[in-house]
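Undergrad: Residues per chain are reported as follows:
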Amino acid sequence: MIYADNAATTKISDSVLKKMLPFLQEQYGNASSHYSLGIKAKRTVEEARQKVAVAIGAAPSEILFTSGGSEGNSWVLSSVTSGHVITSSIEHHSVLNSCRSLASKGIDVTYLPVDSKGRVSLDSLKEAIRSDTQLVSIMLANNEIGTIQPIAEIGEYLRDRRILFHTDAVQAVGHIPVNVKELGVDFLTASSHKFNGAKGTGILYKRNGILLPPLIFGGTQECGVRAGTENIAGIVATGAALSESINDMAAMVEKQSALVQTTISGIRDKIPSIIVNGDENNRLPGIINIAFDGVKGESLMHLLDLKGICVSTSSACTSGKDEPSHVLLALGLNAEQAKSAIRISYGRYNTKREVETIVVNICDAYDKILAAKL
Amino acid sequence: MSVGKQIKCAYCDKDKLTKNDIGLNKKLIHQQVERMMCLTCLAAYFETTEEELNEMIERFKQQGCSMF
Numbered sequence: 001m002i003y004a005d006n007a008a009t010t011k012i013s014d015s016v017l018k019k020m021l022p023f024l025q026e027q028y029g030n031a032s033s034h035y036s037l038g039i040k041a042k043r044t045v046e047e048a049r050q051k052v053a054v055a056i057g058a059a060p061s062e063i064l065f066t067s068g069g070s071e072g073n074s075w076v077l078s079s080v081t082s083g084h085v086i087t088s089s090i091e092h093h094s095v096l097n098s099c100r101s102l103a104s105k106g107i108d109v110t111y112l113p114v115d116s117k118g119r120v121s122l123d124s125l126k127e128a129i130r131s132d133t134q135l136v137s138i139m140l141a142n143n144e145i146g147t148i149q150p151i152a153e154i155g156e157y158l159r160d161r162r163i164l165f166h167t168d169a170v171q172a173v174g175h176i177p178v179n180v181k182e183l184g185v186d187f188l189t190a191s192s193h194k195f196n197g198a199k200g201t202g203i204l205y206k207r208n209g210i211l212l213p214p215l216i217f218g219g220t221q222e223c224g225v226r227a228g229t230e231n232i233a234g235i236v237a238t239g240a241a242l243s244e245s246i247n248d249m250a251a252m253v254e255k256q257s258a259l260v261q262t263t264i265s266g267i268r269d270k271i272p273s274i275i276v277n278g279d280e281n282n283r284l285p286g287i288i289n290i291a292f293d294g295v296k297g298e299s300l301m302h303l304l305d306l307k308g309i310c311v312s313t314s315s316a317c318t319s320g321k322d323e324p325s326h327v328l329l330a331l332g333l334n335a336e337q338a339k340s341a342i343r344i345s346y347g348r349y350n351t352k353r354e355v356e357t358i359v360v361n362i363c364d365a366y367d368k369i370l371a372a373k374l
Numbered sequence: 375m376s377v378g379k380q381i382k383c384a385y386c387d388k389d390k391l392t393k394n395d396i397g398l399n400k401k402l403i404h405q406q407v408e409r410m411m412c413l414t415c416l417a418a419y420f421e422t423t424e425e426e427l428n429e430m431i432e433r434f435k436q437q438g439c440s441m442f
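Line by line, the protein sequences give chains G and B. Following the working numbering, the numbering of the first sequence begins with 1 at its first residue and continues without gaps. Following the working numbering, the numbering of the second sequence begins with 375 at its first residue and continues without gaps.
Please note that a few of the clues may not be correct.
In silico DSS-like links for lysine-lysine, alpha-carbon gap of 25 Å or less [said to hold, decoys possible]:
| hint | chain 1 | residue 1 | chain 2 | residue 2 |
| --- | --- | --- | --- | --- |
| 1 | G | Lys373 | B | Lys382 |
| 2 | G | Lys368 | B | Lys382 |
| 3 | B | Lys388 | B | Lys435 |
Derived by calculation from the structure, the hints in this document are not laboratory data.
If we strip away everything but chain G, and leave its shape as in the complex, we get (with noise of 0.2 Å):
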């Protein structure tokens, strides 16, 4: 197998599982308990949660583990309560579905367009902004298109003007360097498994003095705001796999942006008609979304499934019915080109080889298709 959709979820690390481990088993004390067991357990997220806190450039009290982006994103969005929010038209749906459940409350929310590369403009961002605005919410980085938005400078402008600022940071963290001061975010959130650490492990940032409403009534764990008994196991592979990721950015950057270029000149060659879709001079490192010209990118998916080589659609349907990717759309592509596209996302693990057989394959099913067709 081939797997080629980093953006979707990653292999947890072979030393990053090797720590984890002993978490399940041996050392399976509970963090609020008193005896040595315990004792040892708290100690542990703790030393993750400093691990965490050291790579994005945050304080330990800042850091507050959860089950992942999803939850991060809508405990933030779910904490507004009155007035007005802003966000992009291209966020993930939990950005997306909780400012839905937001507007359904009575909170009014602004969607800000993205240009043809899929940025959100500052010039937009202050137009929006409104005397009663209480929240903003960017994506860092997009998990469809990879292109990375200006948040720092978004924070720089709203950090005098009394408006949290939000960034969802999930597809972002362990790809590129993250620093929360340098952001200006009040909060970020990023998720474990999309760094080579363990699935239903997310964090949550939180500036010193911002407060939130409880997510989870109980105990005192996570400063009594999300009670319940720690994920230690996956706390310590979020701590072991994001330092991983760190100390080795520049090498993982490196490779995965020399796949990319191979990607894209190797299926360029045999198909010039391809739209890489986004920013392709500010993109996340490993991710590609090309558009294919008369052919559905459903149908490409299914093809290299069956060669054995993983990579991802937006636009599947599962009921008959396929609905254009939202990203897309908002790029201003058309549904057809929308439905056309796939996303290729590229990891820790991906080698040249692997590449090469990708561009093959793709080529081959396009041709496929289109002659079918005819």
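With chain G held as given, fit chain B onto it using these hints.
TA: Relative to the frame of chain G, chain B by itself:
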């Protein structure tokens, strides 16, 4: 393609393509595909096996796809 019309395989002339055959042609080639293939010809064309295509059909059914 009208409802109730019997569709033949455009490659081997096999009669009466099933709903699953037609659904898979639409999934793997195009929604508006005119010249459809039977499962045997589809497998040969895409260099796979009928067994794999049948597994794929089952997955689509489990996902609730109305084309199957």
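Undergrad: Against each hint, give a clear statement of whether it holds in the structure.
TA: Here is what the structure says about each hint:
Straight-line distance between C-alpha atoms of Lys373(G) and Lys382(B) comes to about 16 Å, which keeps the hinted pair within the 25 Å bound. Simply put, Lys368(G) and Lys382(B) have alpha-carbon atoms about 20 Å apart, close enough for the 25 Å limit, and the pair holds. Of the supplied pair hints, the one linking Lys388(B) and Lys435(B) holds, its CA atoms being roughly 24 Å apart against a limit of 25 Å.
Comparing the model with each numbered hint stated earlier shows that all of them hold.
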